[in-house]
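**Q** All chains should be modelled from the sequences, with the hints used to inform the complete structure.
Next come the chains, spelled out residue by residue.
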Amino acid sequence: MIHAKPGSSSYLGAGMTLRSWLTTQDHKRIAILYALSITVFFFIGGAAATLIRIELATPAGDLISANTYNKLFTMHGVIMVWFFLIPSIPATLGNFLVPLMIGARDLAFPRLNLASWYLYVFGALFTLAALFLGGVDTGWTFYTPFSTTFSDTHVIAVVTGVFIVGFSSILTGLNFIVTIHKLRAPGLIWFRLPLFIWAQYATSVILVLATPVLAMTLTLLAIERVLHVGIFDPALGGDPLLFQHLFWFYSHPAVYIMILPAMGVVSEILACFARNPIFGYRSMAYAIIAIAVVGFLVWGHHMFVSGQSMYAGMVFSILSYLVAVPSAIKVFNWTATLYKGTISFEAPMLYALGFIGLFMMGGMTGLFLAALALDVHLTDTYFVVAHFHYIMVGGAVAAYLGGIHFWWPKVTGRLYPERWAQFAAILLFFGFNFTFFPQFLLGIAGMPRRYHEYAPQFHTLNVLSSAGAVILATGYLLPLFYFAWSLFHGERAPANPWHATGLEWSVPSPPLVENFATAPVVNSEPYGYRSQRSRRAVASGA
Amino acid sequence: MTHDTALAAPNTDPFSDPRQRRDASDLGMWLFLTTETLFFGVLFAGYVIMRARFPHAFAAAGRHTDFALGTANTALLLTSSLCMALAVATAEVNRRRATLIWLGATAALGIAFLAIKGFEYHAEYVEHLVPALDFRFDARDFRGAEIFFWLYFVMTGVHALHLTAGVAVVVLMAARLARSGFGKQTPLSIELAGLYWHFVDIVWIFVYPCLYLIARS
Amino acid sequence: MRNARARPYVLAWIALLVLLGLSAGSSLLALGTFNLVSNFAIAALKAALVVIVFMHIRRSERTVHVAAAAGIVWLALLIALSLSDFLARGS
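Protein chains in written order, with this note's numbering: chain X, 1 to 542; chain D, 1 to 217; chain Z, 1 to 91.
I should point out that these hints are in silico values taken from the structure, not numbers from a laboratory. Note that CB positions come from ideal geometry on N, CA and C, so glycine has one too. A few of these clues could be false.
[Claimed, not checked] Residues from chain X that keep clear of chain Z, each with C-beta distances beyond 10 Å, as calculated:
1) F42
2) F43
3) T160
4) T219
5) A222
6) I318
7) L338
8) I343
9) A371
10) F430
11) L478
[Stated by the list, open to error] Covered stretches of chain D (in silico footprint by chain Z; criterion: 3 or more residues with CB under 8 Å from a CB of chain Z, positions within the stretch not fixed):
12) 21-34
13) 75-89
**A** As structure tokens, this is what we get:
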């Protein structure tokens, strides 16, 4: 077993000054810079959510004014989408692991990678400025003409921040695509790549194709807001639906930016803790690509009741059903991966198992919304809110946390305390369901979203939801403490504590600055767990 | 690991050979141009839909752009692309003087384009065709014409910003070449700059008919 | 040697100027919708010349071709679907 003490050759030990961190070109250090940044924003967005749930514990709008409430859910959405979810897995786990998983010394363009992080910070500062100047009340969707003409909040500061952070993610996507195409180790053909890499690749393609559209759309919004001339305000001859088409052309694929990396993480974890290869590897890879491509064709399902033509509605509805198919294939294959496996329930596995169920619920409720007639009733209700939180929180955040736990030993060289981690994972699962399941029922019953007060008949379910949020918050805070503890007192990690397959587990924990002492050559299929099991059986004389 | 190798600075260069670096840079630049295609593409999408909405107003407004200057500008940019391509070709064989001449010509044509654009903008300002700055137009087509000119200034403005960046890059490369001669990466850098320059030219190739060739007859 | 290397570029440049003259000239004739079609077609042809000759895309590997095509296809998607909704609305 390789034990690497953080010394001069580990990436953590190479340079201990703040300056060495802020000028690093090492993808591993940049990943940590991102992780720290997005954690800060996760808790800021979470603070907004906490205030929202406290207000919604009672039907009357008694804690916060309607205007302030509008600002709270807007900032929650803007921060969680652009400053947490979109960068989360790609910029942290992706940055750290992509070169390691493919046998490379770094990403293709290390300086561009650092620039991406600085762009993130720069954009984030703009958004924080808007927050401190009083916030924005347009919703994270910035619909016109409210955002261009009627809102008197700091819209331009926020869209500038989003514009800048958009380029951060575009450059990351570009870097990943070139890296995966050009820097794979000898023998590492596409169909030997871990599914995490397939997922990062597909995500990067979406980042590159969709984000520029958002950038220009927000630019046009800002210009229209300043000049009072433009193409989005009907009073000026513009078309508000044009804004929505342009906005959702990006923002629907954006949700696949948020979930595809999570799917990649789940595949890695499930195979490891079931000691089984992923069932149907090729179809999993194809499904990832199909989700990315078809995901670009469904954006109009956000506009069923906006005044879009009936024909467009029908086309987008059918395509939305289609995009569920590859997702369902993945859920079936993950389940099949467990069959006749040797399953253990370490924290990463708890997150991954939770993901399968919660993602499935979120995905299936998406089908309800994709049906035109049902959507007329359910749109802009809490059903939608519950649907996307099941996918984004129950799915993406759970997978992110699972991944952080799974690769924590590799990144830090320390083991986290397993019992605390399992407890937090279970707490999160229950807290999550308590918070968001009642919201499906609230939506069906007709409670509208984005309101700071509601009719009395919705009271009980809202109290349940807010109580669940308390459990959820506790579950999110716990890892902060035990991860920090593990950095100083955690047991030192071997190179491969989980006996997982994958090139990243063949290097010390934490890795060397240059990743590999000798360049690896790959000549085996991924997820070689079955052969690993039979080798061990033979070795132990079974 | 021997003591000696532990002391040697670790090799963190992602590339193993110059060919790989070249191919990766080429792919990276083309990917960047793909993002720019979608970035500018939003403007064309807006144009298409607004023109479908205000066909008469767009025709009326389109007659007020400067056909001669727009066409001349297009010719200038096309010529600048020729110069840039020649600069890349001479850089490939490390011909310093020729490369400097062609880079200089590229930048000069780019600057000439921007100067003519500025002249057009000024004329449009004088004719009250700048939205939000006392825009005046026949009442029947007012809204649509104002939107046409909004698109005109945004499309040509964003293009001009990109062109300015391109000119800056070309000038910087020429300056570095003049001062330090050809480095190992110089031909590649010039080639990548060339890709960007040609892309900005292509954007204009599509902007030109949108803004200058409506209802000219 | 110099002229031989420059030739394809100069020829492409001449072709581009000819196409420019064609589109400018044809716009002075009242051809209705055909003006729109021919202007777009000529622009596409010019762009293709720039991409193939000046940017020598054929020297690049296939992934580059796919990336370039993807940009155009995705833009076409955006415009086609949005425009068809607009037209179907009948506004």
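**Q** State for each hint whether it applies.
**A** Here is how each hint holds up against the structure:
1. F42: holds (31 Å)
2. F43: Check passes; 36 Å lies beyond 10 Å.
3. T160: holds (23 Å)
4. T219: At roughly 16 Å from the nearest Cβ of chain Z, T219 (chain X) sits farther out than 10 Å, so the non-interface label holds.
5. A222: Given a closest Cβ separation of 20 Å, the condition holds.
6. I318: The claim holds: I318 (chain X) sits with its nearest Cβ about 13 Å from chain Z, beyond 10 Å.
7. L338: holds (36 Å)
8. I343: holds (39 Å)
9. A371: Consistent with the label, A371 (chain X) stays out of reach of chain Z, its closest Cβ about 19 Å off (over 10 Å).
10. F430: Fine: 42 Å to the nearest Cβ keeps F430 (chain X) off the interface.
11. L478: holds (42 Å)
12. 21-34: Per the Cβ count (7), the hint holds.
13. 75-89: holds (count 9)
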